[in-house]
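Colleague: Start from the sequences, fold in the hints, and give me the full structure.
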Amino acid sequence: MTPVGTSAVSAAWRGRAGVIGLIVAETSLFAVFVVAYLFYMGKSLNGPFPKDVLELPIFITVCLLSSSLTVAFAVGALRRGRTHAAGIWFLATVVLGAIFLIGTGREWYGLIVGRGFTIGTNLFGSTFYSLVGLHASHVTIGLVMLTLLCVFAFRGALRHEHIERAELVSWYWHFVDAVWVVVFTIIYLGRG
Amino acid sequence: MSVLPRTMTPAAAAGTSGSVLTALHEWVVTVDHKRLGIMYVATGIIFLVVAGLEASALRLQLAWPGLHLVPPATFNRLFTMHGTTMVFLVGIPIVFGFGNYLVPLMIGARDLAFPRLNAFGYWILLFGGLLLHFSFIGGDGLYGAGSAPDVGWFAYAPLTSPAFSPGNATDYWNLAILVAGFGTIATAINMVTTILTMRGPGMTLGRMPIFVWEILTISALSLIILPPLSAAQIMLLLDRFLGAHFFDTQAGASAVMWQHFFWFFGHPEVYVLILPGFGFASEIIPVFSRKVLFGYPTLVAASAGIGLVAMGTWAHHMFVVGLGSGLSAAFTLSTMLVAVPTGMKIFNWLGTMYGGKIRFATPMLFCCAFLFQFLCAGLTGIMLSVAPFDWQLSDSYFVVAHFHFVLIGGLVFTIFAAIYYWFPKATGRMLSERLGRWHFWLFVLGFNLTFATMHVAGLLGMPRRIYTYPADRGWEFWNLVTTLGVPLQIAGVVIFVVNIVQALRSGPLAGADPWDAWTLEWATTSPPPSYNFEVVPVVSSRRPLWDLKHPDDPDGPHE
Numbered sequence: 000m001t002p003v004g005t006s007a008v009s010a011a012w013r014g015r016a017g018v019i020g021l022i023v024a025e026t027s028l029f030a031v032f033v034v035a036y037l038f039y040m041g042k043s044l045n046g047p048f049p050k051d052v053l054e055l056p057i058f059i060t061v062c063l064l065s066s067s068l069t070v071a072f073a074v075g076a077l078r079r080g081r082t083h084a085a086g087i088w089f090l091a092t093v094v095l096g097a098i099f100l101i102g103t104g105r106e107w108y109g110l111i112v113g114r115g116f117t118i119g120t121n122l123f124g125s126t127f128y129s130l131v132g133l134h135a136s137h138v139t140i141g142l143v144m145l146t147l148l149c150v151f152a153f154r155g156a157l158r159h160e161h162i163e164r165a166e167l168v169s170w171y172w173h174f175v176d177a178v179w180v181v182v183f184t185i186i187y188l189g190r191g
Numbered sequence: 000m001s002v003l004p005r006t007m008t009p010a011a012a013a014g015t016s017g018s019v020l021t022a023l024h025e026w027v028v029t030v031d032h033k034r035l036g037i038m039y040v041a042t043g044i045i046f047l048v049v050a051g052l053e054a055s056a057l058r059l060q061l062a063w064p065g066l067h068l069v070p071p072a073t074f075n076r077l078f079t080m081h082g083t084t085m086v087f088l089v090g091i092p093i094v095f096g097f098g099n100y101l102v103p104l105m106i107g108a109r110d111l112a113f114p115r116l117n118a119f120g121y122w123i124l125l126f127g128g129l130l131l132h133f134s135f136i137g138g139d140g141l142y143g144a145g146s147a148p149d150v151g152w153f154a155y156a157p158l159t160s161p162a163f164s165p166g167n168a169t170d171y172w173n174l175a176i177l178v179a180g181f182g183t184i185a186t187a188i189n190m191v192t193t194i195l196t197m198r199g200p201g202m203t204l205g206r207m208p209i210f211v212w213e214i215l216t217i218s219a220l221s222l223i224i225l226p227p228l229s230a231a232q233i234m235l236l237l238d239r240f241l242g243a244h245f246f247d248t249q250a251g252a253s254a255v256m257w258q259h260f261f262w263f264f265g266h267p268e269v270y271v272l273i274l275p276g277f278g279f280a281s282e283i284i285p286v287f288s289r290k291v292l293f294g295y296p297t298l299v300a301a302s303a304g305i306g307l308v309a310m311g312t313w314a315h316h317m318f319v320v321g322l323g324s325g326l327s328a329a330f331t332l333s334t335m336l337v338a339v340p341t342g343m344k345i346f347n348w349l350g351t352m353y354g355g356k357i358r359f360a361t362p363m364l365f366c367c368a369f370l371f372q373f374l375c376a377g378l379t380g381i382m383l384s385v386a387p388f389d390w391q392l393s394d395s396y397f398v399v400a401h402f403h404f405v406l407i408g409g410l411v412f413t414i415f416a417a418i419y420y421w422f423p424k425a426t427g428r429m430l431s432e433r434l435g436r437w438h439f440w441l442f443v444l445g446f447n448l449t450f451a452t453m454h455v456a457g458l459l460g461m462p463r464r465i466y467t468y469p470a471d472r473g474w475e476f477w478n479l480v481t482t483l484g485v486p487l488q489i490a491g492v493v494i495f496v497v498n499i500v501q502a503l504r505s506g507p508l509a510g511a512d513p514w515d516a517w518t519l520e521w522a523t524t525s526p527p528p529s530y531n532f533e534v535v536p537v538v539s540s541r542r543p544l545w546d547l548k549h550p551d552d553p554d555g556p557h558e
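Chains as they are written, first to last, in numbering that gives the first Met the number 0: chain F, 0 to 191; chain D, 0 to 558.
Think of the hints as simulated: they come from the structure by calculation, not from any bench.
There's no promise every hint is true.
Among chain F residues calculated to face chain D with C-beta under 8 Å, some are [unchecked claim]:
{"id": "1", "residue": "V31"}
{"id": "2", "residue": "G113"}
{"id": "3", "residue": "G115"}
{"id": "4", "residue": "G119"}
{"id": "5", "residue": "N121"}
{"id": "6", "residue": "L122"}
Where a beta carbon is used, it is the ideal one built from N, C-alpha and C, also for glycine.
Modeller: Encoded structure:
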């Protein structure tokens, strides 16, 4: 039942406004970790330094950014009522996101186990692992939601009337991608 | 739930249909904004009493030079718990509790946009509060060091590092405020969404009650300022548990970084608390002056202005760390700038009262005291915004007096006004005017005895957070008077609680609109049914109830 005093249009905007609010708060959260990273750049007293240990994660970046496209296709397909196609696009998004996470995991494994570089090594370690880790945790949350959408789509539970909710998940996913653009720029392109 | 008869509180209604357990169950599982609002405010009042008792112990210790009633370590814990509790577990829940209760009623909505998220916000905040206070017994940690946190409510680095704060007390502070903060962010999202998307027919943004504008402003502000505190607290957690170095000067980090992050939250937080107080005053003063609010658009613009400038003032808490003359000047100017919109508001309220037919009922009494006391708070604020003046008085009792004038003289007084004003709406019963007057006069006298004298002790050089002091500094008289104000305030609050209990049991029935008010919440029964409005009135001005009562002379054409 639509609550008193609201129309279907405003019900749709309710979800959107909520997610925009969440994204504003998340932006503020990430901004502080970004500021910490930038402020402590070059202030570590001992190595390793970014240029010694970081390699450009081109492949997984391409995967993650492409997943913004696939999730948009998924939402588009759902809007046209083609739920099976939507399911396939959601699956593609999940796979691309999972590749990104595995890539981050491999990078961390190499750094921690291979080089003994941890969050406690120096300021670079503290700011690097916290910022990348915060982003990876958001990717994980996004993947859980996308996986649910994918499963629902293939089981026929996701229908055209759920377009609003699916679209909100895609907004969150675009946000996570946008954050990666910033992280990639300041950490990897700015590694000196 | 069925429609409640207007004479019954929701609790009483539930009690008649089953046992106490049934009623408790209904309150625990509720997602109704009115019940959650009442739970928020009640939780806030309980923590107000707890933190007030902590402050009373501090004042007893400081009443006379050289006393040893409270050991120094306990003194540190008490002022830390007092400050933390007052800001995060009294101010925030009461302010958002009123937002919870009033916003949907004022804009003609059925509930908040996300009722279950709303319940989550309340319960996670309560959990945070209980976690913080559990530190009294659980804070020892493995090292047998300390019980409750003793790092001050702003927990400066490097005092919070494991070397200086062993044990788990600081972690209780950190985790409790972190989870409570998540609850507040959730509630802020809920408020913004509700106000932007769920207004009733005709309720344009320009017709919203000022209180709703204030809640919109502080919710939007909270979305931007609370996450930085959460981020800093996550960094502190990483420092303390995983050996990270965010605030570790030994590893080349900056301890001042914490201060920047904390105060980027901490200063706007003051506005998050005080703006709803302005909202209460802006609703109550017109009704008891029998006049339209003077300068509605300027009041809205002033709120938005305060919200914006708030985010550029934080480092005035940090003048003494040595910001350099450029930054000091910039933050002096931005802080002074806040005085402009705030001063505008004082004129809005005075202009509303000017020429009005003023009724000095208890809510109005508290609002009048608020006007004077908040003006004092604002003036000492301008004094402290001047960096060289602040260098002299930073961390002195002058600062303590200043922010207590803001948060008690400004906020707590308007909260009392709001409780006297909206209690009849929430319960269907009137509070006693006679007890209300006793409460008002005792509290206003006690408050000014306690906090006005603190200015003098501060000017005479008394630093804050000392647990005792020698007799030859000229502070003993002022401290004695300060402490003597405490029992008057306690008596006021006791009378207030008695008033509430008595009114709940046998207060006179209020009816839907006991104050002859004009905003939408008075259009429904007291207490309102769970669905709020049978038919939401179509709003065509800022005073929808005036229009209903005076169809021959509606407000619309005059706005």
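Colleague: So, for every hint listed, does it hold in this structure?
Modeller: Hints and how they fare:
1. V31: With a minimum Cβ separation of about 4 Å from chain D (threshold 8 Å), the hint on V31 (chain F) holds.
2. G113: For G113 (chain F), the interface hint is violated, since the closest Cβ of chain D sits about 19 Å away, which is over 8 Å.
3. G115: This interface hint is violated because 13 Å lies over the 8 Å limit.
4. G119: Holds, because the Cβ-Cβ distance from G119 (chain F) to chain D comes to roughly 3 Å (cut-off 8 Å).
5. N121: It holds, given that the least Cβ distance between N121 (chain F) and chain D is near 6 Å, below 8 Å.
6. L122: 5 Å, holds
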